[in-house]
Amino acid sequence: TQLLEQSPQFLSIQEGENLTVYCNSSSVFSSLQWYRQEPGEGPVLLVTVVTGGEVKKLKRLTFQFGDARKDSSLHITAAQPGDTGLYLCAPFRGKLIFGQGTELSVKP
Amino acid sequence: DTGVSQNPRHKITKRGQNVTFRCDPISEHNRLYWYRQTLGQGPEFLTYFQNEAQLEKSRLLSDRFSAERPKGSFSTLEIQRTEQGDSAMYLCASSLGTRVDNEKLFFGSGTQLSVL
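Protein chains in written order, with my numbering: chain A, 5 to 112; chain B, 442 to 557.
Pulled out of the complex, with its shape left as it was, chain A reads as follows:
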């Protein structure tokens, strides 16, 4: 059974568009981390959400943790080509358990 489901799996948009990616589970998490990974590199931490209903902003990126702490979303406003990459969500349970990821491509 998959602990996490991320959707969509692939997303290709034009520069300037907005988008949302989702991370869902049937399990409750004490916290959830979001990472971004560029080709040929390791993932880099973007943000950690801890409290149910929490919203965190990182420039054009807005992260939300569901009230029940079972799901999270990442919204990007006015996407840029530099946002291209694999977006991963992961709870920490002694180690990070990653979802499949959302592959985002932003075309100029």
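Calculated from the structure, these hints are not laboratory results. It cannot be assumed that every hint is accurate.
Straight-line distance between alpha carbons at most 27 Å, and here's what the computed DSS-like set of lysine-lysine pairs gives [stated by the list, open to error]: (1) B:LYS512 to A:LYS63; (2) A:LYS61 to A:LYS74; (3) B:LYS498 to B:LYS512; (4) B:LYS545 to A:LYS61.
Starting from the structure of chain A, add chain B where the hints point.
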């Protein structure tokens, strides 16, 4: 830069050969993790160390795989009798190791293994 360092960056080997990868974590980090990632997928957990102790191993880590962290600093991951299915990116990460939850992991750039 004193981030996580992995060597080699790329490794091409023939099926049946043994390969060894090295990971140098951030110096004050007590925990070290190994992950494997195939194209289009998220990283899959393999194993992790707290100092020199190997605390957890995934079922993905068959008996052909062995990891060590002899002095609690650098770590090696060895794959014996490589198979084509072992082709993947092998990622190493480290963390302070002071929390039971919500540790922040720092990843290396990975070793890309191709088994021909």
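Structure-based check of each hint:
1. Straight-line distance between C-alpha atoms of LYS512 (chain B) and LYS63 (chain A) comes to about 41 Å, which puts the hinted pair past the 27 Å bound.
2. Under the criterion of a C-alpha separation no larger than 27 Å, the hint pairing LYS61 (chain A) with LYS74 (chain A) is consistent with the structure, at around 19 Å.
3. For a cut-off of 27 Å, the pair hint linking LYS498 (chain B) to LYS512 (chain B) stands: about 19 Å separates their Cα positions.
4. Taken as a hint, the LYS545 (chain B) and LYS61 (chain A) pair is honoured in the structure, with Cα atoms around 18 Å apart against an allowance of 27 Å.
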